[in-house]
Each structure stands twice: as structure tokens, then as C-alpha cells.
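Participant: If you want the building blocks of each chain, they are given just below.
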Amino acid sequence: MSQPDSYTNSDTYSESQVILTSVRIIAPFTLTYGMFLSLHGADTPGGSFQGGAIIGVTVLMLAFAFGIDPTRKWVKNSFVAGLITGGVTIFIATGLFTMALGGNFLEYDAIADTFGIAHYWGMEAIEVGGVALIVAGAVMTLFFATAAGFTPDRHSNESDSTYSSSSSGSASGPEVGRDD
Amino acid sequence: MTADLLNDIFLVTAALFVVLAIMMFYRAVAGPTTQDRLLAVNVLGTNTVVILALLAAGLDEPWFLDIALIYALLNFLMAIAISKFTVERGGVL
Amino acid sequence: MIEQLRFWAIIILLAFGLFFTFVSAVGVIRLPDIYARAHTASQTDTLGAGLALAAVALALGWDSMTIYAVLLLFFVFITNPTAAHAIARSAAESGIVPLTDETEVDVEPDPSTPDEGDSQ
Amino acid sequence: MAAERVLVPLSDTVTVRQTVGYAVQSCPGEAETLEFHLVVALPYDTEMPEGQSLTEDAERLLSKAESWVREDASSTNVTIDVTTSVLGDDEYLFGPRDYARTFDSYAAAHDIDRLVLDPEYQPGTTAQMLQPLERELESVGLAYDEAPVERPARHERLAGDGAERFDKIFAMFWISYGFYLVLGDPTYWFDLVTGAAVAGIVAVSLAHVTFTFPLDRIGSPIRTLRFGLYVPYLLFEIVKANLAISLVILRPSMPIRPTMTRVNARVRSGLPLLALANSITLTPGTLTVRADDQRLIIHTLIPSAREDLFEGSLERAVRFVFHGRTGARIPTPEERGDTEIIRGDDL
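Residue numbers (numbering that gives the first Met the number 0), protein chains in the order written: chain Z, 0 to 179; chain P, 0 to 92; chain L, 0 to 119; chain D, 0 to 346.
Hints were generated in silico from the structure; no laboratory data involved.
Errors might be hidden in some of the hints.
Taking CB as the label site, the calculated pair distances span [unchecked claim]:
{"no.": "1", "chain 1": "D", "residue 1": "T186", "chain 2": "P", "residue 2": "Y25", "range": "46 to 54 Å"}
{"no.": "2", "chain 1": "P", "residue 1": "M77", "chain 2": "D", "residue 2": "D80", "range": "29 to 37 Å"}
{"no.": "3", "chain 1": "L", "residue 1": "I66", "chain 2": "D", "residue 2": "L246", "range": "30 to 38 Å"}
{"no.": "4", "chain 1": "D", "residue 1": "L234", "chain 2": "Z", "residue 2": "M98", "range": "53 to 61 Å"}
{"no.": "5", "chain 1": "L", "residue 1": "S63", "chain 2": "P", "residue 2": "A29", "range": "37 to 45 Å"}
{"no.": "6", "chain 1": "L", "residue 1": "M0", "chain 2": "P", "residue 2": "V11", "range": "22 to 30 Å"}
{"no.": "7", "chain 1": "L", "residue 1": "R5", "chain 2": "D", "residue 2": "S252", "range": "35 to 43 Å"}
{"no.": "8", "chain 1": "L", "residue 1": "M0", "chain 2": "D", "residue 2": "F189", "range": "36 to 44 Å"}
{"no.": "9", "chain 1": "P", "residue 1": "M77", "chain 2": "D", "residue 2": "E55", "range": "27 to 35 Å"}
{"no.": "10", "chain 1": "D", "residue 1": "W188", "chain 2": "Z", "residue 2": "G85", "range": "20 to 28 Å"}
{"no.": "11", "chain 1": "D", "residue 1": "F169", "chain 2": "P", "residue 2": "L4", "range": "46 to 54 Å"}
Since the model is a prediction, treat every value here as computed from it, not as a measurement.
No residue lacks a Cβ here, since even glycine has one placed at the ideal position from N, Cα and C.
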């Protein structure tokens with residue numbers, strides 16, 4: 000993104016070809032790696048919190064290299080909001096599901112007892128669905144909300160309040176998941 | 000026998016890398032420009048990645064490599080982000 | 000025998016890795032300006048890190064985690080020069096004038112005759 | 000007004016047909032004769048190994064465009080006069096400024112009234128360049144008219160165009176899937192299933208971000224192989240130069256002679272430029288400060304590194320990777336006169 004006022008040495012600021020290209024090459028690998036970590040969150044330490052962070056960071060990397068506005072066009076706001084609400088929904092649904100089976104909120108043993116499958120799968124659902132999606136969404140929304148804050152009149156207050164409420168809602172989400 | 004010795008060697012090397020990383024603090028504090036500091040922090044970050052990898056080998060905790068990889072990614076992101084942000088105070092972002 | 004060979008290979012890789020990282024640290028502290036410092040930060044440091052990571056990969060042997068060490072090696076080799084380029088470019092964009100021979104001794108530069116030899 | 004002279008720079012884009020159509024329709028009705036000057040600006044001079052095929056492509060495009068003009072103008076009753084020419088075949092055009100200057104001198108020589116620009120205009124190089132070109136045209140004072148074609152012009156686009164969708168998604172899918180299985184366990188069913196899902200997501204979302212250039216089904220694997228040959232060579236160069244610079248830095252007197260140099264590299268922007276710029280940066284003693292189009296600004300620390308740079312062995316190696324052995328046989332940058340030592344404050 001070169002804006003009219005960003006002249007240096009009477010020359011237009013243009014994106015560096017080198018940075019653009021290396022980000023282009025790295026991005027698919029980091030995205031794959033982030034998703035890999037999220038999906039294996041239950042059996043490796045660190046797990047989906049980091050996986051979600053890497054997915055978010057991949058988008059940030061593209062945003063830094065290409066400029067915020069093209070990235071914002073590429074990653075629709077609704078997509079990011081959907082990421083977070085989807086994550087929270089999966090999270091709560093898993094919790095309620097275990098309650099429906101007669102356990103406590105997020106008591107995975109209930110799933111294991113009822114269906115005879117490993118304890119692992121409840122954890123998997125939380126890790127993948129809950130934590131990774133929420134963290135990735137939160138990283139992106141926080142970044143885009145902060146970026147939008149530099150020019151206050153670019154976005155309406157309405158979208159800003161959505162950002163803050165969804166990200167504050169997600170802040171408590173991972174905590175619960177990590178305790179188990 | 001050699002395995003234990005090798006682990007010790009890795010730990011000693013990691014300690015020496017820590018000393019080299021601490022040397023970077025001089026440049027990070029002294030500056031004089033933002034880019035100098037950024038450079039020092041970037042080198043420090045690379046050293047941290049190496050230290051994590053060496054610890055992974057020395058302590059037999061291979062999952063440290065996971066963290067090293069994430070750290071390397073964040074280090075790269077930081078270098079790009081700040082170096083773009085210093086130009087026109089983010090106007091070109 | 001193989002074990003012995005591997006042991007010494009790891010020692011040598013670590014020693015060289017340490018040496019190059021040391022050179023990088025010295026360079027970042029001693030060199031006069033940002034552009035010159037970026038040289039050691041991007042190159043000697045990358046090689047030092049690469050050698051140390053190769054030692055780690057060798058020490059882990061045929062383990063699934065070795066892949067991570069190799070990936071880390073590749074990643075460092077792609078990103079470090081790019082980061083150094085980004086920093087040097089940012090320095091150039093913000094108008095930091097590099098210290099060159101011409102500015103140091105303050106003579107008129109003559110592009111047609113590149114000066115040869117050492118300055119010592 | 001007796002005659003209207005229109006200059007249309009052409010390049011092989013998806014919107015070139017619409018641009019020509021707009022150029023014909025937008026002419027004011029009172030003109031009796033319309034003179035169309037269709038030009039193709041070549042980024043390389045014809046002596047370069049790839050220059051020959053570029054010239055042939057350019058001539059094919061020009062003859063197609065000429066027939067488009069006649070076809071579009073056949074409904075009107077004005078006299079049509081079409082002139083086609085290839086510009087820049089005797090020089091080496093680097094950036095938007097050079098193109099703007101070329102068009103300006105052409106316009107002055109032929110008394111052009113109007114310049115119609117293709118919003119996707121992309122002469123030979125892979126970089127999107129319309130916006131800088133507009134700025135340069137304004138600075139040389141040449142009036143232009145951007146054709147309002149259906150595809151909106153975005154200036155720094157994240158994703159490439161939709162051409163060859165399948166190839167790109169296919170390639171990206173397998174790269175991502177392979178990487179996933181390397182990370183995980185290829186014999187575990189869970190990894191196989193989730194890997195496919197993940198690779199699908201990555202392919203759909205990032206295929207057009209990563210592959211901005213059209214994939215070549217035969218060329219790309221060969222290039223990958225040649226790149227495999229290039230890596231050991233590069234490693235050897237890195238170690239050799241690292242030892243040299245270590246000696247310089249560790250010596251108490253530290254005999255460095257920093258200089259800024261400008262080298263016009265003859266590689267395409269995009270991947271080849273990244274390979275060259277990063278190789279230069281990785282080889283100690285030289286550091287890429289800027290890489291815009293083909294003009295590299297390189298900071299060198301010691302004289303021997305500068306001489307190596309001017310001999311252009313890395314550039315030849317990169318050209319070998321992307322153009323094969325014949326592409327590697329070019330004169331050194333110093334012989335071409337593409338090198339220049341610049342002052343520090345003249346960035």
C-alpha cells in the first residue's frame with residue numbers, strides 16, 4: 000500500500016519485492032504448521048494455543064508485507080468474527096454435551112464413559128474447536144482493531160465494539176481450556 | 000558415556016550462546032538508531048532460537064524445538080513489522 | 000566407530016557455530032554503522048545458527064524431532080537475510096546515511112575508478 | 000479536429016482486449032481520421048537470451064491488437080490508421096520511470112493526443128506496476144486515460160489473477176499435504192485425514208497468494224531440481240566469504256572499506272529477485288539494501304566482496320536456476336556497465 004503522503008527521497012514508497020516474495024513462500028508452510036499444531040494440541044505440549052497463534056501470525060505477516068487494507072479485503076471481517084463465534088460455540092457445545100451426558104461442564108470422562116472412546120477425543124474437540132479458532136480469531140481482530148484505531152474515522156464505532164466484545168469474550172475462553 | 004558427555008557439551012554451548020546473546024544488549028541499549036536496536040534484538044532472537052534448540056538436545060526435551068520454531072517465526076515477524084513501522088511511523092503499513 | 004565419528008562431527012559443528020556467532024557479536028558491537036552491522040547480523044549469525052542447528056539435528060539422530068531441527072535450519076536461512084534486508088531498507092528509507100570511504104575521509108568520489116587495496 | 004492520435008501501450012494481460020475496445024469507442028466523434036499507435040515496450044534488449052522470444056511474443060500481440068482495432072472500428076465510418084511498434088528493444092527498461100520516459104518520447108515524436116492505459120498493464124515483468132507508472136506519467140507531464148475495464152484495478156494485490164486456478168491449487172495442495180505428513184506420521188490415519196483437510200484449506204486460501212506467476216508444468220520441477228544444485232554452491236560461497244569476513248572483523252585494526260554500489264541485475268522480479276537478493280545478503284561482505292525492480296542497491300563491506308559482486312557469479316547462478324544453462328551465459332555486470340559505486344547520501 001503506498002499512500003500519497005508517504006514519499007521518501009522524492010520517490011514513491013513501494014513494497015519491497017524481497018519481503019513480499021519471502022512472505023509469499025513462507026505463508027503456506029506456517030499456516031500448515033499452525034493447523035498441525037492445533038490438531039495435535041492434545042498430545043504435544045503447548046498445543047493449540049500456539050497453533051492458533053501461528054495461524055493468526057500468518058495473517059499478520061501477510062498484513063505487514065502487503066499492507067493492511069489489501070489484507071482486510073482478503074480476510075473478511077465476517078470471517079474473523081465467524082472464527083471466534085465458531086470457536087466459542089464449539090467450546091460451549093462440548094461443555095454442554097458433557098453435561099447432557101451427566102457429567103460436569105467440560106468433564107471429558109463423561110464422553111469416555113458413554114461412548115467407550117478415549118478421553119483424548121473430548122480434549123481434541125476443545126483444543127481444535129475451542130482454543131485454536133478463538134486464539135487465531137483474537138490475534139487477527141486485535142491487530143485489525145488496533146490498526147483501524149490509528150485513523151478513528153475509518154470505521155464506525157459499531158464494528159469497534161464488536162471487536163472488543165468478542166476479543167474480551169475470548170480472553171477467558173483459553174484459560175478455561177488450559178486448566179483441564 | 001558419550002551420550003552424557005554430549006548432553007553436557009550441548010549445555011555448555013548453550014551457556015556460551017547465552018553469554019553472546021547478553022553481549023547484544025550493549026547494542027540494544029546503546030542504539031544509536033531504532034534500526035540498530037532492532038538489529039540487536041533480531042540477533043538476540045536468533046541466538047535464543049539456537050539456545051532453545053541446544054537445550055532441546057542437551058536436556059532431551061525435543062519439544063523445545065516446537066517453541067524454537069514459533070520463536071523464529073515471531074522473531075521474523077517482529078523484524079518486518081518494526082522495520083516497516085519505523086518508516087513514516089506506520090504510514091506505509 | 001560411527002558413533003565416534005558422529006561425536007566429533009557434532010563437536011566441530013558446535014565449535015564453528017559458536018565461533019561464527021562470536022564473530023557476529025563482535026561485529027555488531029565493533030562495526031561503525033547500521034549497514035555494516037547488518038552484515039554480521041545477517042550472515043555470520045545465520046551461518047553460526049545454521050551450524051549449531053545442524054549439530055542438534057545430528058545429535059537427535061533419526062528421530063521425528065530431527066525434522067523440526069532441519070525445518071528450523073531452513074527457516075533461519077530464509078528469514079534471517081530477509082529480516083536484515085528489511086532492517087537495512089528501513090534504515091535507508093528513514094534517511095540514515097551510510098558511512099562510506101568517501102564520507103569518512105571526505106574526498107570527492109570517482110565512480111570510474113573503484114579504489115583498490117586495503118586501508119591499513 | 001482533423002485527426003485524433005491515440006497511444007496504447009499493450010502487454011499480455013486479461014484486460015488487453017477490453018482496453019483496445021475502450022480506446023476505439025472513447026474517441027470523440029468529430030475526428031475524421033483516427034490514428035492508433037499500438038506499442039509494446041520490452042523490458043530486455045534483444046541481445047539477451049530471452050529477448051528473442053519476447054520480441055516474437057510482442058509482434059504476435061501487436062498483430063492481434065491491430066485486428067481488434069479494425070474489428071471494433073468497422074461499425075463507425077471514420078478512417079482508421081494503425082501503427083504498431085516495439086519500443087525499448089535497444090535498451091534495458093528497469094522501472095516505471097523508464098517506461099514513462101519511453102512513452103513520453105514516443106508521444107512527442109508522433110504528436111500523440113491521448114494515452115490509453117490498461118489498468119493491469121504489466122510489461123514483461125511479474126510485478127504489478129500501474130500505480131507507479133501513473134505517478135511517473137504525471138511527473139513527465141503526459142496525459143493518460145485509464146481504460147475502465149470490468150476488472151477493478153487494485154494496486155497492491157494480495158492474490159494473483161484467477162488464471163490456471165486448478166494448477167495452482169493442485170500444486171499448493173500437495174506441497175501443504177507433504178509438509179503436513181513430514182511433520183506428522185504418514186502411517187497414522189488421523190494425520191492422513193486431517194492433513195488432507197488442512198491442505199485443502201491452505202490450497203484454497205493461499206494458492207493465489209503464493210503463486211503470483213503462472214505455473215509451468217514442465218519448467219517448474221526442472222527449476223526445483225536446478226535449485227537443488229544451486230544450494231551446495233551457495234553454501235560453499237557462504238562459508239568461504241564468512242571466513243574472509245571473520246578475519247577482517249577479528250583483526251584489531253578492522254580494515255573495512257564500506258561502499259554503496261548499484262548493480263542492475265538481469266533477473267526477473269519475484270522469485271528470481273528474492274533468490275538473488277537473499278543470496279547476496281547471505282554472502283558476507285554484501286548486503287542488499289534495496290531491491291526495486293531490477294535495480295539492486297548493495298552495501299559492500301570489504302573490497303574483495305565488491306569485486307566478487309561485480310563479477311556476478313551469483314547472478315549467473317541464479318540465472319542458471321531459472322533460465323537454464325543458456326540463460327547463464329551473459330556478460331558480467333561490470334562488462335555490461337551495470338555497476339556503479341554511489342555516494343552514501345545518494346540512496
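Participant: Hints numbered earlier in the text: which of these fail when held up against the supplied structure?
Facilitator: 2 and 9
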